[in-house]
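Number of protein chains: 2
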Amino acid sequence: MKKLLVIKIGGNIIDDDNKLSSFLAEFATVAEKKILVHGGGKLATKLAGKMGIEQQMVDGRRITDAETLKIVTMVYAGYINKNIVASLQKNGCNAIGITGADGNAIQAHKRLKGQIDYGFAGDIDAVNTSLIKGLLEQGNDVVVAPITHDKNGQLLNTNADTIAQEIATAMSGLYDVSLVYGFEKAGVLMDAERDETVIPQIDPANYAELKKENVIFAGMIPKLDNAFAAIDKGVKKVIIGKAEQLGALIEGKSGTTIVRRET
Amino acid sequence: MKKLLVIKIGGNIIDDDNKLSSFLAEFATVAEKKILVHGGGKLATKLAGKMGIEQQMVDGRRITDAETLKIVTMVYAGYINKNIVASLQKNGCNAIGITGADGNAIQAHKRLKGQIDYGFAGDIDAVNTSLIKGLLEQGNDVVVAPITHDKNGQLLNTNADTIAQEIATAMSGLYDVSLVYGFEKAGVLMDAERDETVIPQIDPANYAELKKENVIFAGMIPKLDNAFAAIDKGVKKVIIGKAEQLGALIEGKSGTTIVRRET
Chain L
332 MKKLLVIKIG GNIIDDDNKL SSFLAEFATV AEKKILVHGG GKLATKLAGK MGIEQQMVDG
392 RRITDAETLK IVTMVYAGYI NKNIVASLQK NGCNAIGITG ADGNAIQAHK RLKGQIDYGF
452 AGDIDAVNTS LIKGLLEQGN DVVVAPITHD KNGQLLNTNA DTIAQEIATA MSGLYDVSLV
512 YGFEKAGVLM DAERDETVIP QIDPANYAEL KKENVIFAGM IPKLDNAFAA IDKGVKKVII
572 GKAEQLGALI EGKSGTTIVR RET
Chain G
332 MKKLLVIKIG GNIIDDDNKL SSFLAEFATV AEKKILVHGG GKLATKLAGK MGIEQQMVDG
392 RRITDAETLK IVTMVYAGYI NKNIVASLQK NGCNAIGITG ADGNAIQAHK RLKGQIDYGF
452 AGDIDAVNTS LIKGLLEQGN DVVVAPITHD KNGQLLNTNA DTIAQEIATA MSGLYDVSLV
512 YGFEKAGVLM DAERDETVIP QIDPANYAEL KKENVIFAGM IPKLDNAFAA IDKGVKKVII
572 GKAEQLGALI EGKSGTTIVR RET
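These protein sequences, in sequence, are chains L and G.
Take 332 as the starting number for the first sequence in my numbering and just add one per residue.
Take 332 as the starting number for the second sequence in my numbering and just add one per residue.
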């Protein structure tokens with residue numbers, strides 16, 4: 332199968348013009364087919380502030396009321412997505428930007444109200460692999476904004492990590508997929524404060540051991556559980572590390588690579 | 332050749348939620364392959380007002396300074412484009428939304444400074460027909476926001492009428508193209524105040540006569556000149572009329588159809 336990279340970048344890259352521009356220049360040099368999923372960064376919060384719309388966050392997740400949905404649609408699908416696409420085009424990378432609504436790429440439903448009402452937040456139901464494959468095979472790299480839809484006219488704000496994971500697992504039936512999570516740290520660290528303590532490779536056997544010995548920073552456990560879930564569903568490997576070192580991450584020279592158990 | 336419709340809608344539809352929603356429901360029922368080019372409407376001006384950014388207009392064209400470019404990118408490529416796409420998806424129409432930057436669909440250059448400096452306004456150099464054909468043949472209808480790029484990282488605000496015309500002429504080598512201009516009037520009128528005076532068909536012969544006799548409202552002359560220019564470049568017909576009557580426009584039962592001279 333052909334290789335496909337699904338790469339997620341977050342606010343630490345998006346909010347820094349210099350880092351973003353050098354990341355995109357490096358991204359453009361990667362020969363494999365690739366999908367870039369971007370988060371939102373701080374711009375939506377800033378814009379909401381300018382417009383006098385109060386933002387509510389719970390556990391780092393934005394509560395998306397109707398006005399906030401307008402703002403994130405404008406900022407994520409408009410400003411950020413199109414500037415990334417224009418910058419990749421400048422670097423000779425034939426990028427096309429989409430949301431989950433475009434070509435029904437990612438269908439979701441409005442998150443059911445639990446203890447917290449997240450408002451217009453989307454939980455993903457299905458990824459349209461034939462649409463995405465078509466775009467890739469037509470020679471485009473795909474840039475995905477973290478907005479989905481419910482196929483009933485409603486746009487939904489959706490977590491970019493989850494989008495990256497769902498796309499990676501869905502596409503793994505068609506491609507040999509590596510999922511790269513850009514992150515503010517050098518990878519999974521033994522000591523959260525020291526980048527040099529990065530664990531280069533984790534498989535299910537040493538993961539169990541590392542957890543047992545409380546070696547891994549607690550905040551990383553959900554990320555790692557998600558990484559193993561992706562691998563169980565067919566993703567070949569998950570790489571966690573600094574997006575600024577994209578080439579080294581892909582080559583396994585930087586970051587933490589999460590793989591299946593060797594058998 | 333297969334038929335292709337290129338349909339442009341402007342502020343009179345975009346700014347009216349009810350009109351937009353019924354237009355999109357009708358658009359979704361049109362069987363032919365189609366491209367929808369939308370203008371911006373008043374939302375960008377409103378948003379600029381909320382953010383305290385003054386808007387300058389000259390001859391109905393917006394002067395696009397850096398802050399205004401941010402706003403139109405957010406509003407046109409984000410809010411309007413993605414809501415149109417989500418609404419079409421609801422209506423069973425497999426829409427995909429793009430700007431000129433996506434897949435390098437429309438390459439432009441920043442308008443040269445003449446007597447007026449329009450700022451980040453784009454004049455179109457090339458339409459990527461193979462990208463657009465690929466999207467159409469993959470089963471998508473394409474929704475185009477009036478933002479282009481210069482292939483050097485710069486997004487550019489671009490007139491939607493011009494985009495529709497350039498796409499229609501470029502695609503006329505590959506499809507049998509009809510270009511539909513949605514408009515606030517019923518078509519080209521003998522009396523600008525009375526919709527019932529619409530001229531059903533204009534060809535070069537009667538156009539010359541109508542102009543000579545000063546029958547046509549002066550404001551329509553540039554639109555008609557553009558329509559004939561499109562026809563000279565291969566577009567099969569240009570239809571001008573109310574977007575609210577899309578089906579009737581396409582069938583020639585409403586609006587003004589501009590055609591080549593019968594020979």
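Please note: incorrect hints may appear among the correct ones.
Unchecked claim - Straight line, CA to CA, 16 Å or less: simulated EDC-like cross-link-like pairs of lysine to aspartate or glutamate:
no.	chain 1	residue 1	chain 2	residue 2
1	L	K350	L	E363
2	G	K381	L	D456
3	L	K377	L	E363
4	G	K377	L	E398
5	L	K377	G	D507
6	L	K464	G	E385
7	G	K421	L	E385
8	L	K381	G	D481
9	G	K464	L	E468
10	L	K381	G	E385
11	L	K542	L	D526
12	L	K421	G	E468
13	G	K381	L	E398
Unchecked claim - If you anchor each label on the Cβ, the simulated ranges turn out as follows:
no.	chain 1	residue 1	chain 2	residue 2	range
14	G	P535	L	G504	41 to 47 Å
15	G	Q387	L	G445	44 to 50 Å
16	L	G423	G	G470	55 to 61 Å
17	L	E398	G	E540	27 to 33 Å
18	L	E357	G	V361	18 to 24 Å
19	L	K373	G	G423	33 to 39 Å
20	G	K564	L	P531	58 to 64 Å
21	G	D347	L	G578	47 to 53 Å
22	L	D390	G	G550	54 to 60 Å
23	G	D347	L	G445	45 to 51 Å
24	G	T528	L	E398	57 to 63 Å
25	L	E398	G	K441	29 to 35 Å
26	G	G470	L	D390	50 to 56 Å
27	L	G423	G	K441	54 to 60 Å
To be verified - A few chain G residues facing chain L, derived, Cβ under 8 Å:
no.	residue
28	M332
29	K381
30	A397
31	G409
32	Y410
33	K413
34	V416
35	Q420
36	K421
37	H480
38	N483
39	T500
40	N545
Think of the hints as simulated: they come from the structure by calculation, not from any bench.
For each residue, glycine too, the CB sits at the ideal point set by N, CA and C.
Structure versus earlier hints - violations, ascending order
Those not satisfied are hints 1, 2, 3, 5, 6, 7, 8, 11, 12, 14, 16, 17, 18, 23, 24, 26, 27, 28, 30, 39 and 40.
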